[in-house]
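So you can see what is in the structure, the chains are spelled out below.
There are 2 protein chains.
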Amino acid sequence: MTVTQTTGTYRDRIMQAHEIAVTLPTVRMDDPVSKAVQLMIVKRLPGLVVVDDADRPVAVLPGTQVLRLLIPQSYRDDPALVRIVDEIHADLFWHGPGNLTVGDCMPNPVPKAATVAPDATLLEVATAMANKRSPLIAVIDDSGRLMGGVTLERLLTSLAIAGPND
Amino acid sequence: MTVTQTTGTYRDRIMQAHEIAVTLPTVRMDDPVSKAVQLMIVKRLPGLVVVDDADRPVAVLPGTQVLRLLIPQSYRDDPALVRIVDEIHADLFWHGPGNLTVGDCMPNPVPKAATVAPDATLLEVATAMANKRSPLIAVIDDSGRLMGGVTLERLLTSLAIAGPND
Numbered sequence: 667m668t669v670t671q672t673t674g675t676y677r678d679r680i681m682q683a684h685e686i687a688v689t690l691p692t693v694r695m696d697d698p699v700s701k702a703v704q705l706m707i708v709k710r711l712p713g714l715v716v717v718d719d720a721d722r723p724v725a726v727l728p729g730t731q732v733l734r735l736l737i738p739q740s741y742r743d744d745p746a747l748v749r750i751v752d753e754i755h756a757d758l759f760w761h762g763p764g765n766l767t768v769g770d771c772m773p774n775p776v777p778k779a780a781t782v783a784p785d786a787t788l789l790e791v792a793t794a795m796a797n798k799r800s801p802l803i804a805v806i807d808d809s810g811r812l813m814g815g816v817t818l819e820r821l822l823t824s825l826a827i828a829g830p831n832d
Numbered sequence: 667m668t669v670t671q672t673t674g675t676y677r678d679r680i681m682q683a684h685e686i687a688v689t690l691p692t693v694r695m696d697d698p699v700s701k702a703v704q705l706m707i708v709k710r711l712p713g714l715v716v717v718d719d720a721d722r723p724v725a726v727l728p729g730t731q732v733l734r735l736l737i738p739q740s741y742r743d744d745p746a747l748v749r750i751v752d753e754i755h756a757d758l759f760w761h762g763p764g765n766l767t768v769g770d771c772m773p774n775p776v777p778k779a780a781t782v783a784p785d786a787t788l789l790e791v792a793t794a795m796a797n798k799r800s801p802l803i804a805v806i807d808d809s810g811r812l813m814g815g816v817t818l819e820r821l822l823t824s825l826a827i828a829g830p831n832d
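Chains as they are written, first to last, in the numbering used here: chain V, 667 to 832; chain S, 667 to 832.
Hints are computed from structural coordinates only; laboratory data are not their basis. A few of these clues could be false.
Since the list gives no way to pick one copy over another, a pair counts as held whenever it fits inside one copy or between any two copies.
Stated by the list, open to error - Pairs of lysine-lysine residues, derived as DSS-like cross-links and limited to a Cα-Cα distance of at most 27 Å, are as follows:
#1 Lys701 x Lys798
#2 Lys709 x Lys798
#3 Lys709 x Lys778
Owing to the predicted nature of the structure, the values given are computational and were not obtained by experimental measurement.
Build out the structure end to end from the sequences listed, making use of the hints.
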C-alpha cells in the first residue's frame, strides 16, 4: 500500500506532453505561402502545423522548411545557381510566391507529421524533436486531431523546471 | 555613366549577410553540454555555433541538435526503448549529461558547419538555411573566423523589410 502510494506520487509529478502543449495557430494546404510565413513571424513560432479540414495535422514544418516554401523551385536544389543569380533579384524572391499556396510548395511526398500522444513523456517529445529535426511537435488525440503543440523553447524550460527535487 | 550610377544605386540597397548578422555567444568542444543548453535558453537562440581556439566555427548546431546532446546515447536511435523507459526516469535525462562536454556528445563525423561569406545575398542565406535545415547560419571572414550569425527570425524580418519599393 505504501509502495502504491509512493508510485502514485512519483507518477503525479512526471510531466506529460499535454501539460506543456500550447494552443497553436495553424494553416491549411490551400492557404497562401505568404500568410503562413507572416503567421510564423508574428506569432514568433519555430515552425507551423498544417492541418486538414478535420483539424488533423498533415504536416509539421520546421521554420527552415516554411522558409523553403518561399524559395523558387529553380534555386532550391542548385546552390551554384543561387550564387550567380543577379543580386538585384536576390532580394526579391520574397515577393515571388504571389498566389502560391502551401500545398503548391510542399515537398512531394509530404513527410509524415511530427506528432506525439498527449501522455508522451518529455523524453519522448525530446527524442521526436531531435530525430525529426523539428523544433515544433504536434500533440494529437486518439482520433488524430490537433490538441496543441510543444515548441523546443517550451520543452527546454519545462525540463529545466522538472527534476528530482520538485 | 547614368547606367553605372543606376547599377550602383541598386547594388547599394541589396542586403548582404554581414548587414543582418548579429554577434553570437559561442561554445567550444570542451564546454559542458549543460552550459551550452543554458546559453541557448537564456539568449533565446535557435541554435549554437561551436568554435575552435581560433574562433573558427567547427559546427553550427540547430536547436534540435543541441537538445540531442542531452539525450543519452541509448535512447537516441531507439524510439521503442524511449516509449518503454520507466516514467520516473523519463524526466531525469536532463540531469544525465553531468560532466559530458559538447565534444563528447557530438555526432561523429561532425557535419560541416553551416556558413556563408559576409557578402552572401539573403537568397543565399535562405537557401543555406533551408537545405541545411539550420535556423542559424554563421557568417565567416576570409580566414574562416566567425564574424556573427544570422537567425531565421532575423532573416525573415529582414526579407519582410527589404523589397523593390525601399
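Evaluation of the provided hints:
{"no.": "1", "hint": "Lys701 x Lys798", "verdict": "both (25 Å within a copy, 24 Å between copies)"}
{"no.": "2", "hint": "Lys709 x Lys798", "verdict": "both (22 Å within a copy, 24 Å between copies)"}
{"no.": "3", "hint": "Lys709 x Lys778", "verdict": "within (24 Å within a copy, 31 Å between copies)"}
Checked against the numbered hints above, the structure breaks none of them.
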